[in-house]
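Participant: So you can see what is in the structure, the chains are spelled out below.
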Amino acid sequence: MSSSTAIAPVSSRTDLQPAGGANGTEEQYVTFTVGSEEYGVNILAVREIRGWTPESRLPNLPDYVRGVINLRGIIIPIFDLRARFGGGPTEVTKRHVVVVMQVGERTRGILVDAISDILAIGHDEIKPPPDVDSGLIDAEYLSGLYTADNRMVTLLNVGKLFVGEHAEQDAAPLTAVRETV
Amino acid sequence: MDDLSRFKQTYFDESAELLAVAEAGLLRLAPGEIDMDEVNAIFRAVHSIKGGGGAFGFAGLVAFAHEFETVMDGVRNAEIPITTGLVDTLIRANDVLARMLSHAADGTEAPEGTTDDTVAALRRFLGKAEAVPGQPEPAPEPAATLHPDDEDDEAGIFGDALAAIQAARDDQGPSATPAADAVPDGKIRWTVVFRPKAELLLSGNEPTYMLRALRRLGEAEIVCHLDRLPSLRDLDAELLHLSWTVTLLAGPEVDRARIDDVFEFVADDCDIRISAEAPPPAVIPAIPPGAGPPALQNAAPAPGADLQDKAVPPPPATPAATTSGAAGPGKAADGARRGNGGDHAGPTSHTIRVDLDKIDRLVNMVGEMVITQAMIAEHVRDLPPGQFQELLEGLESLAQHTRELRENVMSIRAQPVSSVFSRMPRLVRECAAATGKEVMLVTSGETTEVDKTVVENLVDPLTHMIRNSIDHGLEGPEERERTGKPRAGTVHLSAAHRSGRIVIEVTDDGRGINRAKVLSKAIEKGLVQPGSSLSDEEIDNLIFLPGFSTADQVSNLSGRGVGMDVVRRNISSLGGRIGVYSAPGEGSRFVLSLPLTLAVLDGMVISVGDERFVLPLTNIVESLRPKPADLHGLVNKCDVMMARGEYVRLVHLHRLFGIPKAIDDATRGLVVLVETEDGSRLGLVVDEVLGQQQVVIKSLEANFRRLDGVAAATILGDGRVALILDVAGLREMSRHGAAPATGIPTTAIPLAAPADRSDQRQRQTV
Chain L
1 MSSSTAIAPV
11 SSRTDLQPAG
21 GANGTEEQYV
31 TFTVGSEEYG
41 VNILAVREIR
51 GWTPESRLPN
61 LPDYVRGVIN
71 LRGIIIPIFD
81 LRARFGGGPT
91 EVTKRHVVVV
101 MQVGERTRGI
111 LVDAISDILA
121 IGHDEIKPPP
131 DVDSGLIDAE
141 YLSGLYTADN
151 RMVTLLNVGK
161 LFVGEHAEQD
171 AAPLTAVRET
181 V
Chain X
1 MDDLSRFKQT
11 YFDESAELLA
21 VAEAGLLRLA
31 PGEIDMDEVN
41 AIFRAVHSIK
51 GGGGAFGFAG
61 LVAFAHEFET
71 VMDGVRNAEI
81 PITTGLVDTL
91 IRANDVLARM
101 LSHAADGTEA
111 PEGTTDDTVA
121 ALRRFLGKAE
131 AVPGQPEPAP
141 EPAATLHPDD
151 EDDEAGIFGD
161 ALAAIQAARD
171 DQGPSATPAA
181 DAVPDGKIRW
191 TVVFRPKAEL
201 LLSGNEPTYM
211 LRALRRLGEA
221 EIVCHLDRLP
231 SLRDLDAELL
241 HLSWTVTLLA
251 GPEVDRARID
261 DVFEFVADDC
271 DIRISAEAPP
281 PAVIPAIPPG
291 AGPPALQNAA
301 PAPGADLQDK
311 AVPPPPATPA
321 ATTSGAAGPG
331 KAADGARRGN
341 GGDHAGPTSH
351 TIRVDLDKID
361 RLVNMVGEMV
371 ITQAMIAEHV
381 RDLPPGQFQE
391 LLEGLESLAQ
401 HTRELRENVM
411 SIRAQPVSSV
421 FSRMPRLVRE
431 CAAATGKEVM
441 LVTSGETTEV
451 DKTVVENLVD
461 PLTHMIRNSI
471 DHGLEGPEER
481 ERTGKPRAGT
491 VHLSAAHRSG
501 RIVIEVTDDG
511 RGINRAKVLS
521 KAIEKGLVQP
531 GSSLSDEEID
541 NLIFLPGFST
551 ADQVSNLSGR
561 GVGMDVVRRN
571 ISSLGGRIGV
581 YSAPGEGSRF
591 VLSLPLTLAV
601 LDGMVISVGD
611 ERFVLPLTNI
621 VESLRPKPAD
631 LHGLVNKCDV
641 MMARGEYVRL
651 VHLHRLFGIP
661 KAIDDATRGL
671 VVLVETEDGS
681 RLGLVVDEVL
691 GQQQVVIKSL
701 EANFRRLDGV
711 AAATILGDGR
721 VALILDVAGL
731 REMSRHGAAP
741 ATGIPTTAIP
751 LAAPADRSDQ
761 RQRQTV
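Sequence order for the protein chains is L and X. Quick note: the first sequence, position 176, residue 176 per full-length UniProt numbering, numbers continuous. Quick note: the second sequence, position 386, residue 386 per full-length UniProt numbering, numbers continuous.
Treat the hints with care, since some could be wrong.
[What the hints assert, rightly or not] Computed footprint of chain X on chain L; a stretch qualifies when at least three of its residues, placed anywhere within it, have a C-beta under 8 Å from a C-beta of chain X:
no., segment
1, 45 to 59
2, 63 to 71
3, 74 to 85
Everything labelled a hint here was simulated from the structure, so no lab data went into it. The model shown is predicted, which means the values in this text are computed figures rather than measured ones. Quick reminder that beta carbons are idealized off the backbone N, C-alpha and C, glycines included.
This is chain L alone, in the form it adopts within the complex:
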């Protein structure tokens, strides 16, 4: 579409088998920023990364469901990660990025501020998330924490992050998060 340019098409996923040789304990993660925080998702789930295209709003949904866009003929929902984590809706600019992910049968995009890196992370380098108040953060979608050059990268379990095709299930705890943060 006119204003969108694929920033870093991460294609040919078959080439991106878990790195790290025979033991296969190292996996690649795409990391991106939302505000001052950095998140990572397994690269195997990422279909493409594209620039922001105006969405069509969907009625009567929580604010982290931004709407739907046309991805070459299929209609995919866009989730606003900032809003998802209780930071309110993102004010989008041309530099905002949509990470298109394949979660099971479904394709969906998440709106993030910027892509930052691709990291190869060994399994033993991932630290479990600290024991947080389950009322504060729904830790289900956190798969672990990783330290890269003194930055903390929160690794997300995309499968759990978007249990929300029945978004109403997610809406309640998230509202709670927003109020307490």
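Following the hints, position chain X against chain L.
Facilitator: Quick look at chain X alone, frame taken from chain L:
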């Protein structure tokens, strides 16, 4: 999927089609008449199923199909008269075959005895045909002789010869060789020596076809020469080692050219000598030199001799066998037709089987292209024409090509409605039997093509409507006679294209809708207020209301809780409408109007704030701008509008959907009057109506989920997504109150059409 199971799947697919062909053909068989094309088609269908079944080793199925086929062969040779009983038995046999196929497909064994009754019934017809006085009891062998074209029989083309040898052994004695030397008046005795090259089979030719074709030209005596037959050790099964001499006693209408025609396709692969002669007392066939000792033949069949095989005891040194089949001269014409059109595999079908997914992907991509093309067109519209003349011309032709491409691709999914219509004769038959009425079904427009999904979804509504017509519409034969109508009622099923839609009509000449009864029922059930005055048309339409049933007419056909409301819902889920027209005493007419495809929808694009939506055209009654005097508040809660003498509830789309910056005042915006499938009206307040457009329906659920008030989504010319509104859903939402914009959406509001709705949409999307 491995290769074998893929072939198996193809076989089952094809068999399903063939069964349908056979059933359609069987239903068209009329007692006393014989339509050779029809009979041949049925025979071929059963035969092909049997052949494929043999290849996969479905022994039970093959054995049964063989019985079925044997009877069909009797029918096509006019040995078994077509009677109602026969047709019933054959239809039953077709069902059994279908059952056996489905067992075979599941990999299960058909229960013991599944076929017994039917086989017995089939054999009775066979027995009748063969119980010609003076003939010996039918032996199992004749079946093989009757089917020289059974390539899957163990003997294949040797069948004739082997069976004949067998027959000869069984039937030794001079009684079987009547010495009929004289040629009857007006007949010519032809001698055809047919020596195919050994490689004939490799080119896919089948010599028994030719022998059969010859036999249909007249009375034929076929002698098979086994002289070239090598010993079993040297036998190459792919080569043909046989040759034949045919003595043909045919009427004057058979000329040399007709005989030549028989060998037309193999002329290069065989040695043929055809001679006509005055009847010699004995025929010594002219066998080319070096071909071994000629077969000795000294018998000609007596005129009128029939089926039963006759054979000369083979001379000890010259293995030869004779079979004869006789056809009366009156059947020669039929025979020729069969020879040309019947026994060959029919016209070559120029079709391929394609995975539906592939076509759907193609349709999807073309949809994309159409959108991209529209987008480009929108961008260049403002370019100065003088400067970009060639670009604009190019885009113009691109637009035309994309349009054509889209139409053509859509038509790939199109299939004639005949696949649905062809199921109806059977239904009518059963309904007629169940109600004791006499019914004639007339169909027209079977070749009208519609999208496959539409065709598939037509079966249930049509089944119900036809049942309804027969059960409720048509009178019994006595009542019809009393009212001066023919005893048999007529149900007419027709299909036609009309202005980009398909119109299907079910018309009966029955008693019409009993309006007094319908109205009193509706009042009784609380569907209509007592004392309301309804027009005839309105009363007729009451039958579509949910819960409506003229309950005292419950029979095993209707009254099973499925009413015309379900029919209407099915039709409307296809984007169609249904109307009823009835005249008391003259009959009723149900008219369905459906889109040609579910991939595309005629819609009206509307705007609300910055958002654009598509309203299905079928829902729209009109759009208008109300005057302030037309608007009223209803107990301060709800706006109503006076439109054409009727108060209509207004629904502000922007309030319902929480859209900012939209026009709230209906007098400054527009009201689109919409109608749901149950006829209730609603006024949607929108900013603007942007225009009518065909849109490609896209699924929202594939990657997200269903939303209240939204039927599906589409992509507009600028590449943006627009939601297609679901009018019934909107009404439901506005009734229950919209969920707050950021709150928890009310889940699972039971909509007018429950759970199956979402499936429906899933299937609609391409």
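Participant: Now tell me if each hint is right for this structure.
Facilitator: Hint by hint, here is what the structure shows:
With a cut-off of 8 Å between beta carbons, the segment 45 to 59 of chain L has 7 residues touching chain X; three or more are needed, and the interface restraint holds. Evaluation of the coverage hint for the segment 63 to 71 of chain L: fulfilled, as 5 residues show C-beta separations to chain X shorter than 8 Å, against a requirement of three. Here the segment 74 to 85 of chain L counts 4 residues with a CB under 8 Å from a CB of chain X, which clears the bar of 3, and the coverage holds.
Consistency with the previously given hints is maintained throughout, with no hint failing.
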